[in-house]
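Asker: Each chain is listed here by its residues.
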Amino acid sequence: MSGLWILAGVTLREAARRKILWTAMLAAVLLLAIFAVALRFQVAEFEGRPMSPFVRYQVESGMLMVGLYTCDLLAVVMTILTSIDTLAGEISSGTIHAIATKPIARWQIVTGKFLGFAAMVTVYVAITFWSTVAVAFAVTGVLPEHPFHGMLLIVAECMVALSVTILLGTRFSTLTCGVLALGLQGVAFMGGWLEQVSGFSQSTQIVTLGVLSSLIMPTESLWRRAAYEMQTPLAGSLSFSPFANVSIPSVTAVVYAGGYFVFILWVAIVLLNRRDL
Amino acid sequence: MNTSPSCAIETRNLRKVFGSRVAVSGLSLTVNRGEIFGFLGPNGAGKSTSIKMLLGLVRPTGGHADVLGLPAGDVDARRQIGFLPEDFRFYDWLTAAELLHLHGRLCGMSADRLRTRVPEVLELVGIAQHADRRLRGFSKGMLQRLGLGQALIHEPQIVFLDEPTSGLDPIGRRMVRDVIRAQRDRGATVFLNSHLLSEVEITCDRVAFIKDGEVIAERDLRTSSAEGFHVTAQVGKLSPSALAQLAAVVRAPRYEGERLTFGVSSQDVLPEIVRLLVASGADVYRVTPEPLALEDLFVKLVGEDRGL
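Residue numbers (the numbering used here), protein chains in the order written: chain A, 1 to 277; chain B, 1 to 308.
Possibly wrong hints are sitting among the right ones.
[Stated by the list, open to error] Facing chain B, a subset of chain A residues (Cβ under 8 Å, in silico):
(1) Gly3
(2) Glu14
(3) Ala100
(4) Thr101
(5) Lys102
(6) Ile104
Honestly, the hints are just simulated from the structure, not real lab data. Quick reminder that beta carbons are idealized off the backbone N, C-alpha and C, glycines included.
Start from the sequences and build out the full structure, keeping to the hints where you can.
Answerer: Following this line, the structure appears as structure tokens:
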């Protein structure tokens with residue numbers, strides 16, 4: 001087994017011990033409980049009055065998207081907060097000295113750490129995503145349109161966020177990394193909304209600004225693509241909310257996010273290679 | 001650079017500049033294989049930066065360094081290197097045995113080999129009874145022992161030890177001394193950075209003094225301690241003129257009561273000094289030369305305390 005996999009393994013164990021992970025898991029359970037109760041009330045309310053099954057299905061699907069959006073938001077924040085310290089903290093504490101002097105290349109340190117957190121995040125997303133889908137199905141009988149696509153896109157979104165925090169960790173202190181990573185996530189969120197607004201306003205400047213923001217940090221566009229994949233076709237053409245889309249990120253946007261992720265990890269490797277530890 | 005096979009480490013004009021601050025200005029030194037080499041210097045002299053360059057943690061601004069005939073920092077060179085950082089720390093949820101196992105794997109050792117090697121090393125550094133305890137509850141001294149263990153787990157050809165005894169009690173220090181000697185006995189090279197000069201004096205074969213990022217002196221402690229002698233004499237009725245005469249042939253003479261102290265570079269001059277004192281009319285009761293300790297040599301070479 002090469003150094004890369006040994007590091008990935010120990011990073012996964014380290015990641016799984018983070019309190020933030022378990023706090024996020026607890027938060028997910030609480031939100032899921034609130035979600036289930038809200039759905040139950042909604043269903044009870046619907047049963048009390050005449051409503052066409054079609055409209056009812058649309059509303060319940062919309063509710064499901066709210067649940068999945070919450071799940072997505074928690075996953076991205078949890079990814080950033082758990083991994084923010086992994087390089088920055090070990091560099092500042094000197095823990096990395098005992099690793100970087102072993103016969104392993106620095107690209108293996110970056111990739112090993114990435115893989116360890118990636119495994120943890122994937123398991124977290126899978127658990128929270130399918131729990132949300134299961135709760136919604138149990139209460140309302142509604143399922144998302146393409147759940148696998150949706151989940152994979154949420155995992156991809158977390159991978160992009162993870163690569164950015166790892167890149168920041170090669171250069172900045174833990175606190176600076178945290179501020180920058182959450183700030184970039186804010187840029188992505190803003191970009192998503194600007195693109196949505198542009199669907200109504202027809203302003204090319206707003207479109208450009210929105211696209212630029214999504215290029216700087218393409219996480220939110222991955223969520224919007226996930227939402228598009230999972231929502232009902234009607235909701236896709238009508239809704240206006242962060243859980244659904246007016247302006248749908250194209251497949252090109254998804255491919256861009258993939259290229260962005262590879263580029264960011266490559267820059268992280270170059271930067272760690274060049275820095276003095 | 002041609003590195004002879006007997007060289008463990010060879011540097012030429014190794015230089016490191018951080019912004020406008022010169023940390024290492026031109027380090028040239030040679031460490032032979034199988035040698036216990038002491039790397040001495042005041043705080044801020046560039047010792048840590050030099051070690052980090054040899055280990056590949058810091059990229060040199062200029063010059064060249066070879067470790068075991070390979071460029072410093074080369075992955076193959078690191079296969080043969082063990083390193084104990086000054087303030088060793090690691091994931092505190094690992095047990096001592098798990099930590100050694102992990103570091104052994106990172107060094108490319110097989111799980112089979114580690115099954116016997118880990119208990120051996122735990123025994124060697126004196127924490128076998130804490131094998132299954134988590135690092136979280138370890139004292140600084142225990143962490144230091146474990147750090148030493150991870151540096152030795154793969155029986156490297158060169159062991160870099162940065163202040164290995166700083167957190168240890170006298171028993172721990174003796175253990176470190178024994179471990180260092182055992183490394184030499186198996187043919188390994190030890191590169192020791194320590195402030196405890198008395199420790200260095202009894203452990204090292206050779207030392208280099210570094211100041212302002214340069215080697216200012218090297219000494220072989222095996223061949224002689226003839227760096228000089230500190231002489232204490234009991235002398236009565238020493239006249240000021242005799243003291244002035246004495247100042248011309250010895251270092252820093254001081255006379256208080258009947259106690260005369262001064263430094264000389266060789267014991268050979270002592271009979272002449274005694275003759276000079278007797279001829280001046282002084283009464284000489286006792287003359288005791290003592291070899292200059294490494295600490296005196298350090299102060300002599302490195303100079304005044306700069307408050308670093």
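Asker: Decide, hint by hint, whether the structure agrees.
Answerer: These are the hints, each one checked on the structure:
1. Gly3: 6 Å, holds
2. Glu14: Nearest chain B Cβ about 6 Å off; hint holds.
3. Ala100: It holds, given that the least Cβ distance between Ala100/A and chain B is near 6 Å, below 8 Å.
4. Thr101: 4 Å, holds
5. Lys102: Interface hint status for Lys102/A: holds (4 Å vs cutoff 8 Å).
6. Ile104: Check passed: Cβ of Ile104/A comes within 6 Å of chain B, closer than 8 Å.
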